[in-house]
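The listed protein sequences correspond, in order, to chains A and B. Residue numbers in the first sequence follow this note's numbering, run continuously in steps of one, and reach 265 at the last position. Residue numbers in the second sequence follow this note's numbering, run continuously in steps of one, and reach 356 at the last position.
There may be inaccurate statements among the hints.
Derived CB-CB ranges, DEER-like [unchecked claim]: (1) B:HIS320 to A:THR23: 26 to 36 Å; (2) B:PRO297 to A:GLN143: 46 to 56 Å; (3) A:HIS185 to B:GLN290: 31 to 41 Å; (4) A:GLN143 to B:GLU287: 28 to 38 Å; (5) B:GLU295 to A:ALA130: 21 to 31 Å; (6) A:PRO227 to B:VAL303: 20 to 30 Å; (7) A:PHE243 to B:GLN290: 50 to 60 Å; (8) A:ALA262 to B:ARG298: 47 to 57 Å; (9) A:ALA216 to B:THR273: 46 to 56 Å; (10) A:GLU135 to B:VAL303: 28 to 38 Å; (11) B:GLU335 to A:GLU200: 28 to 38 Å; (12) B:GLU295 to A:HIS235: 42 to 52 Å.
Hints listed in this document are in silico derivations from the structure and should not be mistaken for laboratory results. Backbone N, C-alpha and C define an ideal beta-carbon position, used for all residues, glycine too.
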Amino acid sequence: MAIFTGETAAKAIENGLKTLHLTRQEAKITIIEGAKKGFLGINKKEAQVKVESILPQHSGGAYLHPDLAGQTEKKDDFDHVGGVVDESVIEDPDEADIDDAEILRRQNNNKIKLNAAAGRLADYLTDILAVMQIEVNPQLSIQHQLITIDLNTDKPGLLIGHHGLTINALQAMAVVFLNQHGIQHINVILDTDNYRKRRETVLAEVAKQAATEAIATGKAVYLDSMPAMERKQVHQALTDNKFVRTYSQGDEPRRSVVVAPAGEM
Amino acid sequence: MNEPDIETLIRVIVQPLVLHPEAVQVTVSETPRLEQYVLTVHPDDVGRIIGRHGHVAAAIRTIVYSAVNETSNKIRLVIDDHRNHETPTQS
Numbered sequence: 001m002a003i004f005t006g007e008t009a010a011k012a013i014e015n016g017l018k019t020l021h022l023t024r025q026e027a028k029i030t031i032i033e034g035a036k037k038g039f040l041g042i043n044k045k046e047a048q049v050k051v052e053s054i055l056p057q058h059s060g061g062a063y064l065h066p067d068l069a070g071q072t073e074k075k076d077d078f079d080h081v082g083g084v085v086d087e088s089v090i091e092d093p094d095e096a097d098i099d100d101a102e103i104l105r106r107q108n109n110n111k112i113k114l115n116a117a118a119g120r121l122a123d124y125l126t127d128i129l130a131v132m133q134i135e136v137n138p139q140l141s142i143q144h145q146l147i148t149i150d151l152n153t154d155k156p157g158l159l160i161g162h163h164g165l166t167i168n169a170l171q172a173m174a175v176v177f178l179n180q181h182g183i184q185h186i187n188v189i190l191d192t193d194n195y196r197k198r199r200e201t202v203l204a205e206v207a208k209q210a211a212t213e214a215i216a217t218g219k220a221v222y223l224d225s226m227p228a229m230e231r232k233q234v235h236q237a238l239t240d241n242k243f244v245r246t247y248s249q250g251d252e253p254r255r256s257v258v259v260a261p262a263g264e265m
Numbered sequence: 266m267n268e269p270d271i272e273t274l275i276r277v278i279v280q281p282l283v284l285h286p287e288a289v290q291v292t293v294s295e296t297p298r299l300e301q302y303v304l305t306v307h308p309d310d311v312g313r314i315i316g317r318h319g320h321v322a323a324a325i326r327t328i329v330y331s332a333v334n335e336t337s338n339k340i341r342l343v344i345d346d347h348r349n350h351e352t353p354t355q356s
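Using the sequences and the hints, build the whole thing.
Here it is as structure tokens:
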């Protein structure tokens, strides 16, 4: 619920939507004051508009309420701004009997919603990194429940940070951003310069060595702490090894994998 | 511009995540040892910015701290949780 200004009402709205990373359909827009051209620059006044998100926030099945979706007030000179309200997004959760066509239609709507959100997410990350003076060129790939964003940059080291600290923090922020824009239960993976793939190779090697050591010494091997995603990769790398068992110990963010000989309890 | 603008960075990260972007405030106070940035958001948005077990706050701090180069002052990001104003601190 923020107020934005601009030379014309249309420009003010555009400004507001961009700052909040929303599209025209996802915002409730109220004109507070239209622009005044004045006379010879005297009495000139910028337009003021209020932009509010009408996306569902942090609540599972909440969809756009029909009353909200149509609520865009129009005044003076900005009738040309495309205020097309997507009626098809509006759904009634109580509706029990739905046919196949309806399901398909909803799936498509969700897909469109997801694609739009992913685009905004890429803009959001680009904005953050631009302030950090890291120019990136994001490549999106969207699957069923996974968004992968490959951030092409000439400074991959800065973007990744010490042991992937920065890129993992950005990844966490990406999930928060999507939640805020009404999309839950989606995995986001940020990648740059093939970092995730390289890391996977390294982790597989670490896992193998730990397993060898655990079997040779008969003692549990405690690995360094790593984020959940990487721990999972270590566990997976050793699932087929019958001579060791793996578990995690400690509390985030210092949780780490332990590789123990299978016999020891 | 060699020095990344930390205040802008905090705003760019936080503003799209809150319900009241206009209430986001960042104030800077400098001491010889460090620059302290205090982030104030609308009371309804504090939870969003801190996150469960402070996960979101930790991620924001990581990003902000990583933007500082070694030669400049150390920085600290404080998130105002609006608690000190209402209840007097014990001890």
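*asked:* Name the hints, by number, that the structure is in violation of.
replied: none
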